[in-house]
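Asks: Protein sequence lines correspond, in order, to chains S and V. Mapping of the first sequence onto numbering that gives the first Met the number 0: residues 0 to 426, in sequence order. Mapping of the second sequence onto numbering that gives the first Met the number 0: residues 0 to 426, in sequence order.
In case anyone wonders, no lab produced these hints; they're calculated from the structure. Fair warning: there could be bad hints in the mix.
Copies of the same chain look alike in the list, so a pair counts if it fits in one copy or across any two.
Claimed, not checked - With a Cα cut of at most 30 Å, we get these calculated DSSO-like pairs of lysine-lysine: (1) K104 <-> K119; (2) K104 <-> K158; (3) K158 <-> K23; (4) K231 <-> K23; (5) K231 <-> K119; (6) K287 <-> K23; (7) K287 <-> K119; (8) K23 <-> K119.
Model, not experiment: these values are computed from the prediction.
Protein chains: 2
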Amino acid sequence: MTSVSTVTPEIESLCSELACRARKAATILATVQSAAKDRWLCRVADTLLAQQDQLLAANQIDLDQAREAGLSGASFDRLRLTPERLRAAAVGLREVAALADPIGKIREGTIRPNGLEVYKVGVPLGVILFIYESRPNVTLDAAALCVKSGNAVILRGGKEALHSNLALHRLLADCLVAEQLPVDAVQLVPTVDRAAVGHLLQLSEYIDLVIPRGGEELIRRVAAEARMPVLKHYKGICHVFVERSAELERAERIVVNAKCQRPGVCNAAECLLVDAPIADTFLPRVAKRLLERGVEIRGCPRTCQLIPQARPATPEDYHTEFLDLILAVRVVDDLEAAIEHINQHGSQHTDSIVTNDLSAARRFTSAVDSSAVLVNASTRFNDGFELGLGAEIGISTDKFHARGPCGLLELTSYKYVIYGEGQVRGE
Amino acid sequence: MTSVSTVTPEIESLCSELACRARKAATILATVQSAAKDRWLCRVADTLLAQQDQLLAANQIDLDQAREAGLSGASFDRLRLTPERLRAAAVGLREVAALADPIGKIREGTIRPNGLEVYKVGVPLGVILFIYESRPNVTLDAAALCVKSGNAVILRGGKEALHSNLALHRLLADCLVAEQLPVDAVQLVPTVDRAAVGHLLQLSEYIDLVIPRGGEELIRRVAAEARMPVLKHYKGICHVFVERSAELERAERIVVNAKCQRPGVCNAAECLLVDAPIADTFLPRVAKRLLERGVEIRGCPRTCQLIPQARPATPEDYHTEFLDLILAVRVVDDLEAAIEHINQHGSQHTDSIVTNDLSAARRFTSAVDSSAVLVNASTRFNDGFELGLGAEIGISTDKFHARGPCGLLELTSYKYVIYGEGQVRGE
Numbered sequence: 000m001t002s003v004s005t006v007t008p009e010i011e012s013l014c015s016e017l018a019c020r021a022r023k024a025a026t027i028l029a030t031v032q033s034a035a036k037d038r039w040l041c042r043v044a045d046t047l048l049a050q051q052d053q054l055l056a057a058n059q060i061d062l063d064q065a066r067e068a069g070l071s072g073a074s075f076d077r078l079r080l081t082p083e084r085l086r087a088a089a090v091g092l093r094e095v096a097a098l099a100d101p102i103g104k105i106r107e108g109t110i111r112p113n114g115l116e117v118y119k120v121g122v123p124l125g126v127i128l129f130i131y132e133s134r135p136n137v138t139l140d141a142a143a144l145c146v147k148s149g150n151a152v153i154l155r156g157g158k159e160a161l162h163s164n165l166a167l168h169r170l171l172a173d174c175l176v177a178e179q180l181p182v183d184a185v186q187l188v189p190t191v192d193r194a195a196v197g198h199l200l201q202l203s204e205y206i207d208l209v210i211p212r213g214g215e216e217l218i219r220r221v222a223a224e225a226r227m228p229v230l231k232h233y234k235g236i237c238h239v240f241v242e243r244s245a246e247l248e249r250a251e252r253i254v255v256n257a258k259c260q261r262p263g264v265c266n267a268a269e270c271l272l273v274d275a276p277i278a279d280t281f282l283p284r285v286a287k288r289l290l291e292r293g294v295e296i297r298g299c300p301r302t303c304q305l306i307p308q309a310r311p312a313t314p315e316d317y318h319t320e321f322l323d324l325i326l327a328v329r330v331v332d333d334l335e336a337a338i339e340h341i342n343q344h345g346s347q348h349t350d351s352i353v354t355n356d357l358s359a360a361r362r363f364t365s366a367v368d369s370s371a372v373l374v375n376a377s378t379r380f381n382d383g384f385e386l387g388l389g390a391e392i393g394i395s396t397d398k399f400h401a402r403g404p405c406g407l408l409e410l411t412s413y414k415y416v417i418y419g420e421g422q423v424r425g426e
Numbered sequence: 000m001t002s003v004s005t006v007t008p009e010i011e012s013l014c015s016e017l018a019c020r021a022r023k024a025a026t027i028l029a030t031v032q033s034a035a036k037d038r039w040l041c042r043v044a045d046t047l048l049a050q051q052d053q054l055l056a057a058n059q060i061d062l063d064q065a066r067e068a069g070l071s072g073a074s075f076d077r078l079r080l081t082p083e084r085l086r087a088a089a090v091g092l093r094e095v096a097a098l099a100d101p102i103g104k105i106r107e108g109t110i111r112p113n114g115l116e117v118y119k120v121g122v123p124l125g126v127i128l129f130i131y132e133s134r135p136n137v138t139l140d141a142a143a144l145c146v147k148s149g150n151a152v153i154l155r156g157g158k159e160a161l162h163s164n165l166a167l168h169r170l171l172a173d174c175l176v177a178e179q180l181p182v183d184a185v186q187l188v189p190t191v192d193r194a195a196v197g198h199l200l201q202l203s204e205y206i207d208l209v210i211p212r213g214g215e216e217l218i219r220r221v222a223a224e225a226r227m228p229v230l231k232h233y234k235g236i237c238h239v240f241v242e243r244s245a246e247l248e249r250a251e252r253i254v255v256n257a258k259c260q261r262p263g264v265c266n267a268a269e270c271l272l273v274d275a276p277i278a279d280t281f282l283p284r285v286a287k288r289l290l291e292r293g294v295e296i297r298g299c300p301r302t303c304q305l306i307p308q309a310r311p312a313t314p315e316d317y318h319t320e321f322l323d324l325i326l327a328v329r330v331v332d333d334l335e336a337a338i339e340h341i342n343q344h345g346s347q348h349t350d351s352i353v354t355n356d357l358s359a360a361r362r363f364t365s366a367v368d369s370s371a372v373l374v375n376a377s378t379r380f381n382d383g384f385e386l387g388l389g390a391e392i393g394i395s396t397d398k399f400h401a402r403g404p405c406g407l408l409e410l411t412s413y414k415y416v417i418y419g420e421g422q423v424r425g426e
């Protein structure tokens with residue numbers, strides 16, 4: 000985040016006022032009709048394109064400063080806005096507008112024997128504090144998902160993106176005003192001072208949820224300090240287990256996809272488990288394809304016997320989220336050994352079995368305690384879009400409230416609305 | 000809880016072992032079939048009656064000690080087991096057995112355009128630490144709900160009930176063994192040392208959820224110390240608003256029921272709001288019936304003019320959960336003033352409007368941000384049994400995870416189970 004970390008009275012009062020205004024805006028936004036929120040999303044999409052030059056100019060200031068500060072590679076690339084990325088963001092905003100509104104949705108309904116009509120109705124959580132990396136396009140995604148789900152949001156992006164975020168926030172706020180929505184529904188923490196976040200994390204009377212994105216260290220720090228619930232997105236140590244009955248061509252394709260299609264993301268596979276009876280035939284052929292793709296293999300002794308290019312895995316390798324073209328490989332005795340390995344070494348994120356044995360599939364999906372358990376499919380499918388939730392704000396590694404991909408529904412709560420005609424409880 | 004609070008290495012290791020065993024039991028319990036859990040519930044019900052004499056004898060030790068220690072009134076009564084209460088508990092256990100198992104329940108299912116079958120399936124949370132008052136019957140309720148929902152539970156009852164709880168726990172554990180279920184699925188913290196709870200609250204690697212019941216102070220302390228999520232049950236400052244179009248006879252019946260039917264519980268009304276145009280006619284007649292029932296009325300100036308027996312309300316009275324035959328009363332200008340009062344002074348628990356105006360009903364249910372909002376019915380209906388959830392373990396005042404009555408479903412999470420036939424993501 001940043002360096003300075005003294006809490007001054009000015010920062011305290013700035014943050015408290017901002018959070019208090021967010022709370023008031025949330026109260027109004029909670030009962031706004033879907034159409035108004037969707038009009039806002041479409042207006043933001045239009046304005047993004049109309050104000051492209053100003054936005055790119057603001058982004059250029061961030062890029063220049065980042066280059067001077069020595070930022071490079073993927074981080075520098077993520078900071079960049081381009082006409083193409085703005086067009087993609089506009090498309091994304093229109094897609095969010097097209098999603099069903101979770102607010103007011105009747106999740107369940109029943110008429111009780113005494114005639115009371117009971118409805119369980121979706122409501123917003125309230126105010127969300129969203130802390131994220133230096134990626135200006137995330138500013139748009141987060142604002143879109145929070146407002147569509149009826150929540151006010153306080154955005155806290157990485158300091159490298161400050162000028163881009165200020166320009167984007169101005170645009171988002173102007174569009175709120177134009178659509179007669181509360182302008183404080185989307186706010187940006189206007190200082191890069193780290194103490195601001197520390198103070199906001201104390202304000203549980205105003206803020207209902209914190210969503211931190213970025214490194215594990217940031218998430219742990221936020222979880223330790225926050226006085227309100229935190230939606231946590233820790234690491235994904237995802238496995239593919241190739242069971243003895245698997246179709247090997249299919250298994251190969253799934254392993255290569257899970258590891259290589261996008262190795263830097265949380266639902267990429269980090270560990271391959273191979274059932275002992277097929278290790279001799281399967282490991283050499285999958286290794287060939289993995290090595291062609293530039294994957295470094297770190298194997299158990301049996302794996303190293305079968306794959307000359309493999310280097311021995313350390314115990315730590317089986318607990319590591321590589322986020323890179325590195326794969327830990329282990330031969331296991333049977334299905335139960337695979338399940339035990341995954342439940343012990345994994346991160347309850349995403350695990351896949353390749354098998355043609357129905358009992359094995361059922362046992363694996365039942366016993367592996369992860370947010371997504373797949374049969375004969377790549378781990379890469381544990382994603383909000385791929386599972387049909389629409390856009391996602393992250394993938395929760397918690398079990399409480401929301402697990403796995405978090406879309407609009409996961410940003411909501413519910414209330415019971417009960418209609419009667421004078422019912423009282425028996426005296 | 001209790002007085003001693005030094006953390007000794009013995010207590011630390013005792014608690015850590017207990018929690019670690021609970022975690023292992025939870026892993027087994029997660030995939031146990033419904034029938035085995037239901038057989039256990041019915042066996043506990045049978046055994047309760049068969050071992051009635053031993054249970055009552057253990058309870059008598061607690062009662063004797065409590066009397067010596069000066070416990071009396073409602074607290075003493077809640078500590079008592081009787082043959083009748085054991086029979087009622089047995090009936091309750093059989094009712095839990097009859098409820099649908101939330102584990103394995105498919106909450107949603109879809110086939111994606113690429114052929115992936117996606118199921119959102121109910122799974123247990125894992126290990127629940129349940130901290131509660133000196134009420135032995137709650138020991139049975141909590142164990143029943145946790146095991147039925149596939150969770151291991153660590154029970155920490157009030158110290159006055161220790162002997163009763165030890166006897167009940169032995170019974171619960173014996174029945175687990177008899178049904179070949181993991182005996183560590185139900186454990187009792189075997190010391191009344193307060194430091195034990197402090198240490199358990201640190202063990203987030205073993206414990207997934209804490210449910211504290213009892214005073215607000217206890218809940219706040221637990222929430223401040225716990226490193227895992229806490230399902231909080233704070234106070235219920237519940238309102239009845241009688242709108243100008245209300246049928247007055249109906250309004251009277253609802254107000255009296257909400258206040259008097261059981262004044263000591265969280266969903267009893269603590270504040271009556273009356274729409275100004277009907278104050279002159281409604282307040283005197285409802286006051287008559289409330290006064291007949293022994294209710295003390297604390298009113299705004301207008302109320303005190305209309306009801307000679309009323310005493311003036313202090314500002315604090317409108318923020319107070321009386322849990323007694325005391326009612327704060329205020330005349331408000333209109334619907335919006337009532338909504339504002341409730342959202343400002345209430346506790347987002349349970350609020351009711353009495354009205355015949357559809358627009359008023361819709362505006363009230365939409366704008367009042369409480370776990371249950373009722374139209375023309377008593378606040379006393381915000382209860383797991385009454386809303387059709389089955390037995391409840393508490394009423395959550397949080398919005399995160401579970402809101403309002405918490406039954407079996409609220410003690411679960413979910414995972415995505417995904418079946419494919421070799422699908423990979425586009426390269």
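Asks: Does each hint hold? Answer for all of them.
Replies: Checked hints:
For the homomeric pair K104 and K119, the shortest alpha-carbon distances inside one copy (8 Å) and between copies (19 Å) are both at most 30 Å. Taking the closest pair of Cα atoms, K104 and K158 never come within 30 Å of each other, the shortest separation being 37 Å inside a single copy and 45 Å across copies. Taking identical chains as interchangeable, the C-alpha atoms of K158 and K23 lie at most 30 Å apart only when both belong to the same chain, with a minimum of 27 Å there against 44 Å between chains. Proximity of K231 to K23 under the C-alpha cut-off of 30 Å is found in both arrangements, the shortest distances being 26 Å within a copy and 24 Å between copies.
In this assembly of identical chains, K231 and K119 lie within 30 Å of each other by CA distance both inside one copy and across copies; the values are 26 Å within and 20 Å between. Taking the closest pair of Cα atoms, K287 and K23 never come within 30 Å of each other, the shortest separation being 60 Å inside a single copy and 39 Å across copies. For a Cα distance limit of 30 Å, the shortest separation of K287 from K119 qualifies neither inside one copy, at 54 Å, nor across copies, at 36 Å. Proximity of K23 to K119 under the C-alpha cut-off of 30 Å is restricted to the intra-copy arrangement: shortest distance 24 Å within a copy versus 35 Å between copies.
When held up to the earlier numbered hints, the structure conflicts with 2, 6 and 7 and fits the remainder.
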